[in-house]
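S.K.: Model the placement of chain B on the given structure of chain A, informed by the hints.
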Amino acid sequence: MTQATASKMEAYLTSRQQARRRDMLVRAIALVCVVGLIVGAGLLVRPMNKMRLTNEIVLDDKAVEGLPPDIALMTKTGTLRALAIDAAFVRLEQLKEDNRFYELMQLSDWLCKLAPRYASVWQYSAWNMAYNISVCQYTPEARWLWVSNGIENLRNRGLRFNPKSVSLYKELAWIFIHKIGDKLDDYHWAYKRELAVQMENILGEPPVVVTEDDTVREFRKIAEAPRALDAWIGSDPEAARLVADLAAVKLEPNETLLHFIASQMRTRTNTAEYAGEGAEPTAPEDLTTRRLALLRDQKRTDTIETFVAAVRAKVLREKLNMDPAWMYGLMKQYGPIDWRSPYAHSLYWATYGEHITKGLEINDPADEMNTVRFIFFSLENLARAGKIVLEPNFEQPNRSFMNMLPDLRFIRHMHEAYIKFGKQEFGDDPRYVEGTAGPNYKSGHVNFLISSIRQLYLEGGDKNIEEAKGYYFYLREYDRDENGRVKPQYDQPFEKFVFDKMYESLDTSIDARAFIGDLLRRSLENLADGDVERSVAHFNEAKKWWNYYMRDTKTDATARRKLEPIGVMRRDVTEDVMTMPPQPWGLAEGRGYSLLQKARLWRSLDLPTRQALYDKIKPAIEAFAKEHDPPLDPAKILPTPPGMEEYRKNPDRVLKELRYIDPTVSTGEKIDMK
Amino acid sequence: MGNVWAIARQTIAESVRMRIAIFFVIVIAVLVLGLPFAARGDSSTSGAVQSFLAYSIAATTFLLSCLTIFLVKSLSSDLADRQILTLMSKPLARWQYVLGKWIGIVALNMVILVVSGGVIYGMTRLLATRPPRDEWDAERLKNQILTARHASKFKVPDFTGEANTVYERQLEQGVYAGIDNLNPDKEKARIRAEIEKRWRSVFPGESREFEFSDVLCRRSRDNMVHLQYEHRVYNYPPDEIIRYQWFFGDPAKDTEQYQVPRRDMRERKHTVPVPADAVASDATFRAVFVNVNPYMSMGEPQYLNTVMFEGDDAVELLFSVGSFGANLVRELALVGCRLLFLAAVAVLAATMFSFPVACLATFTIYALAALRGFLGEALQFMPDEGAVGFLTRSFQYFLHAVYFVIPNFGKVNGLPLLVDGRNVTLKWVLMGVGNLVLIKTTIVLLVACLIFQRREVSEVSV
Numbered sequence: 007m008t009q010a011t012a013s014k015m016e017a018y019l020t021s022r023q024q025a026r027r028r029d030m031l032v033r034a035i036a037l038v039c040v041v042g043l044i045v046g047a048g049l050l051v052r053p054m055n056k057m058r059l060t061n062e063i064v065l066d067d068k069a070v071e072g073l074p075p076d077i078a079l080m081t082k083t084g085t086l087r088a089l090a091i092d093a094a095f096v097r098l099e100q101l102k103e104d105n106r107f108y109e110l111m112q113l114s115d116w117l118c119k120l121a122p123r124y125a126s127v128w129q130y131s132a133w134n135m136a137y138n139i140s141v142c143q144y145t146p147e148a149r150w151l152w153v154s155n156g157i158e159n160l161r162n163r164g165l166r167f168n169p170k171s172v173s174l175y176k177e178l179a180w181i182f183i184h185k186i187g188d189k190l191d192d193y194h195w196a197y198k199r200e201l202a203v204q205m206e207n208i209l210g211e212p213p214v215v216v217t218e219d220d221t222v223r224e225f226r227k228i229a230e231a232p233r234a235l236d237a238w239i240g241s242d243p244e245a246a247r248l249v250a251d252l253a254a255v256k257l258e259p260n261e262t263l264l265h266f267i268a269s270q271m272r273t274r275t276n277t278a279e280y281a282g283e284g285a286e287p288t289a290p291e292d293l294t295t296r297r298l299a300l301l302r303d304q305k306r307t308d309t310i311e312t313f314v315a316a317v318r319a320k321v322l323r324e325k326l327n328m329d330p331a332w333m334y335g336l337m338k339q340y341g342p343i344d345w346r347s348p349y350a351h352s353l354y355w356a357t358y359g360e361h362i363t364k365g366l367e368i369n370d371p372a373d374e375m376n377t378v379r380f381i382f383f384s385l386e387n388l389a390r391a392g393k394i395v396l397e398p399n400f401e402q403p404n405r406s407f408m409n410m411l412p413d414l415r416f417i418r419h420m421h422e423a424y425i426k427f428g429k430q431e432f433g434d435d436p437r438y439v440e441g442t443a444g445p446n447y448k449s450g451h452v453n454f455l456i457s458s459i460r461q462l463y464l465e466g467g468d469k470n471i472e473e474a475k476g477y478y479f480y481l482r483e484y485d486r487d488e489n490g491r492v493k494p495q496y497d498q499p500f501e502k503f504v505f506d507k508m509y510e511s512l513d514t515s516i517d518a519r520a521f522i523g524d525l526l527r528r529s530l531e532n533l534a535d536g537d538v539e540r541s542v543a544h545f546n547e548a549k550k551w552w553n554y555y556m557r558d559t560k561t562d563a564t565a566r567r568k569l570e571p572i573g574v575m576r577r578d579v580t581e582d583v584m585t586m587p588p589q590p591w592g593l594a595e596g597r598g599y600s601l602l603q604k605a606r607l608w609r610s611l612d613l614p615t616r617q618a619l620y621d622k623i624k625p626a627i628e629a630f631a632k633e634h635d636p637p638l639d640p641a642k643i644l645p646t647p648p649g650m651e652e653y654r655k656n657p658d659r660v661l662k663e664l665r666y667i668d669p670t671v672s673t674g675e676k677i678d679m680k
Numbered sequence: 004m005g006n007v008w009a010i011a012r013q014t015i016a017e018s019v020r021m022r023i024a025i026f027f028v029i030v031i032a033v034l035v036l037g038l039p040f041a042a043r044g045d046s047s048t049s050g051a052v053q054s055f056l057a058y059s060i061a062a063t064t065f066l067l068s069c070l071t072i073f074l075v076k077s078l079s080s081d082l083a084d085r086q087i088l089t090l091m092s093k094p095l096a097r098w099q100y101v102l103g104k105w106i107g108i109v110a111l112n113m114v115i116l117v118v119s120g121g122v123i124y125g126m127t128r129l130l131a132t133r134p135p136r137d138e139w140d141a142e143r144l145k146n147q148i149l150t151a152r153h154a155s156k157f158k159v160p161d162f163t164g165e166a167n168t169v170y171e172r173q174l175e176q177g178v179y180a181g182i183d184n185l186n187p188d189k190e191k192a193r194i195r196a197e198i199e200k201r202w203r204s205v206f207p208g209e210s211r212e213f214e215f216s217d218v219l220c221r222r223s224r225d226n227m228v229h230l231q232y233e234h235r236v237y238n239y240p241p242d243e244i245i246r247y248q249w250f251f252g253d254p255a256k257d258t259e260q261y262q263v264p265r266r267d268m269r270e271r272k273h274t275v276p277v278p279a280d281a282v283a284s285d286a287t288f289r290a291v292f293v294n295v296n297p298y299m300s301m302g303e304p305q306y307l308n309t310v311m312f313e314g315d316d317a318v319e320l321l322f323s324v325g326s327f328g329a330n331l332v333r334e335l336a337l338v339g340c341r342l343l344f345l346a347a348v349a350v351l352a353a354t355m356f357s358f359p360v361a362c363l364a365t366f367t368i369y370a371l372a373a374l375r376g377f378l379g380e381a382l383q384f385m386p387d388e389g390a391v392g393f394l395t396r397s398f399q400y401f402l403h404a405v406y407f408v409i410p411n412f413g414k415v416n417g418l419p420l421l422v423d424g425r426n427v428t429l430k431w432v433l434m435g436v437g438n439l440v441l442i443k444t445t446i447v448l449l450v451a452c453l454i455f456q457r458r459e460v461s462e463v464s465v
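For the protein sequence lines, the chains are A and B, in the order given. Take this note's numbering: the final residue in the first sequence is number 680, and no numbers are missing along the way. Take this note's numbering: the final residue in the second sequence is number 465, and no numbers are missing along the way.
The shape of chain A in the complex, shown without the other chains (with noise of 0.2 Å):
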């Protein structure tokens, strides 16, 4: 070997042992660089794990548990889930777009299986439900069956697994709010009827009460009932005694027993008073007569209504997935809701889906600030048409007789809630001034102020009076233009703002006619319901803007744009709400009365009028009685008024009391109408 041979023989020897030192080097910082990621891999898992479970982005442990087994094992495919997740929604969309919804709902039900985390999935599954299948059904009973539906699928199932999940609680509150309460759909009559049927076999018929607050006083026998139904009746000797009698005339603790209370014990609508010749009574040995006389044994009074409450409260949990606490609570804090009314259960799931999601990161703000908007489109709605009047039938639901009228009292706590909501929405907005409800919500709040003035005063009385003053002057405060200065509209007396809108209804006779014919209209109707003030205080609003009227026709030569007296234009009134068909009669709007409403009007009407109208409108309504189910008998909707052979020989002498008598003064007062 040469010495040059040797000397590059040591020097690639040299190079060899650096490169395997260099190696070894590499293989050691790798192999630390690898167990260093693995231990830090394993030490983020632990967190990682407690974020998605935070998130909701996974099923925790106490979801899982209790699942349907379906559901269960659709949740261990793996990852072949997310292909058929994606699979199925393609799918889906051409189905949709093929009308094939019979298939479109079976998908969703299985895609809804495969993602029950996913809550766009239920959104979507309930919204085809509810709208786009709903409305290619032919009858109402058909229809609702999709809309209520829909409403389960998310209500019941959908936030079961997705508790925090705001989209959902928007989208349940939107079913109630446009596709029930709304006036969109061709059946929006039907749906609301179905609902305030459901709900008062749940609740039984709404307490009779004298104030705002013995309304809520009441439904906290429901949201303080023992919530261990089992539990208390095991330790509750007198409870059990009470199961144990029900059960023998066939009562079990459920729907059956309050539906059995909200058909047979409802006091205010009793068809058998105006039944006819043939209807057959009840035997005094039946099963009704014996569950009757159980439940009305006046000496287990305390444990009977702890008991029924614990059950409604039952029911509603697992039936209606509400919590009775929350209602109670939305009660106290925004009055006397009515849980028959659409609005009620969207001001429900707007609150608590706020509640719940309030600062989840997850949740998109937009839907946050839309579910804030659910509560005051629930509260302005539950103040336009909150009062609910119903005749239910409970067989047929789509049947029954339904009105929803303006309940006035939620005016004050939806002022409240925009000056509520405001702040909490917008407080750290530098455009906030305290005391309004923030630069976003605040042409909202003046609109609703401004029409509920005009609202509480045209209703009357004393309290409605100062309420909508109280707002005129709220809105004078806090409604100011851009330079800090009292709008015009404001810098006037109280009555001249209320009245400004209204002159523009008495422009003319026939203008005049209908606003009027409005007001007296409303008071039939009260009276219809047995509201005897809300009645005169129309009566009263209506004859207020007739002399006011009249007061500038006093100069004319002749009656050509003379109104007829008051007397006689209700009476004309009285004759159009008498003769027109009861509800419900299918898809024409709401507004109108059952037969049993028209019977206590007839009651209610002062002599004159009855007899006035008598041979008019008995006809149409024997004709409705016939059509009636069960039918009644007319004599008894419409008994004769006394002195009628007398007023046939000589109406004239009616027509002239009716031109001097004011119907809603008991005592005859007459007043110049001249």
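These are calculated hints, taken from the structure and not from any lab test. Among the hints, a few may not be true.
What the hints assert, rightly or not - Here are the simulated lysine-lysine pairs, BS3-like style, with alpha carbons at most 25 Å apart:
no.: 1; chain 1: A; residue 1: K624; chain 2: A; residue 2: K662
no.: 2; chain 1: A; residue 1: K102; chain 2: B; residue 2: K414
no.: 3; chain 1: A; residue 1: K475; chain 2: A; residue 2: K549
no.: 4; chain 1: A; residue 1: K550; chain 2: A; residue 2: K502
no.: 5; chain 1: A; residue 1: K170; chain 2: A; residue 2: K364
no.: 6; chain 1: B; residue 1: K272; chain 2: A; residue 2: K102
no.: 7; chain 1: A; residue 1: K550; chain 2: A; residue 2: K568
no.: 8; chain 1: B; residue 1: K156; chain 2: A; residue 2: K102
All of these numbers come straight from a predicted model, not from anything done at the bench.
M.R.: The following block gives chain B in isolation, referenced to the frame of chain A:
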């Protein structure tokens, strides 16, 4: 043919021994027998029957397709395990071996398909005994699903004369003055299309008459025909419900006449049952659409919605021409055609590749054949410009080339029609047999035979 049958019998026996077929039979049985209890549809009996039909036949078809592909294991293992050497030492031509394998796979498939079809028929009938949700549901089940209905299309009036007149008038008025390269035929066609478009649009207060011919149904009051229509609506009311009415029957031909007020959701397919005595004795049917709200007497307004009936199938008259059973048989025959082709492809792949590769190749071809419509639609939504556009266009060209060879299974799929109670015609089945079986399957089998003929089944060691 004795050799072919022997191979076929051996393939069937081997498949049963492999338990693949038994496994698939069990899965199909579980699905077909279990689906009626899982299928809810839209909670109506008719919806449940439709869901069951759709999913049971689709699932059976898919599983049998998978079985077909897996059954070529028989051919692959013959090659891999050198069993082929024993077979080749016998007086057996290679084409006989390939054909025998194909027949064996197909025979097993057909037996399972026929049995499954019988069970599907029985379960459908069983499901149909569920109480209907309402009268509408009962009518739908009886007259719109468990039947085979032919769809008759309306006659579009010939607007050629009117188009010519308009053209002549415009020519005289000098509308075309200054247009050098005016093509009269094209212009007349354009005018004709404009007039037809106007005819298809029904403005508020207008009516439109649709005429159908060859309505060969039993003309009696208790027999129903169905008018199915889908429209596009402009200026629809806020509730998106369109109010109008249909008049059926022809007073000039002395038929019964019916008036049907409707409130329909816009842009959906709607069906109106009409007693068949509205059909004239010369097998024509007249339907008049009136765009006037029939509910105005109830205080509803006349909305200013314009209703358009686009496409030749916008209004169809459906009437029964056969039974559900026969329709199901024809649909199963189409499924059979697809399976015959797929079996040939699987055999071809197995003659060339090892079992896993053959499976993969056949699955790919199956997916491409089954998803042709979906792929075409999916590509429509891709951007046309830039790099993505270039890739999309390239892929489209590639697909065109692929589909020159691979058939479109969508064209031999009568399931949507069967589920809608529409007739799967015998002509269609015969076309399926001719195109897919006699031509394409034969070609694939010939190629398979040729390849196998030249394939070395053993290495020669010297």
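S.K.: Evaluate each hint against the coordinates.
M.R.: These are the hints, each one checked on the structure:
no. : hint            : verdict
1   : A:K624 / A:K662 : holds, 22 Å
2   : A:K102 / B:K414 : holds, 21 Å
3   : A:K475 / A:K549 : holds, 22 Å
4   : A:K550 / A:K502 : holds, 15 Å
5   : A:K170 / A:K364 : holds, 9 Å
6   : B:K272 / A:K102 : holds, 11 Å
7   : A:K550 / A:K568 : holds, 15 Å
8   : B:K156 / A:K102 : holds, 24 Å
In terms of the numbered hints stated before, the structure departs from none.
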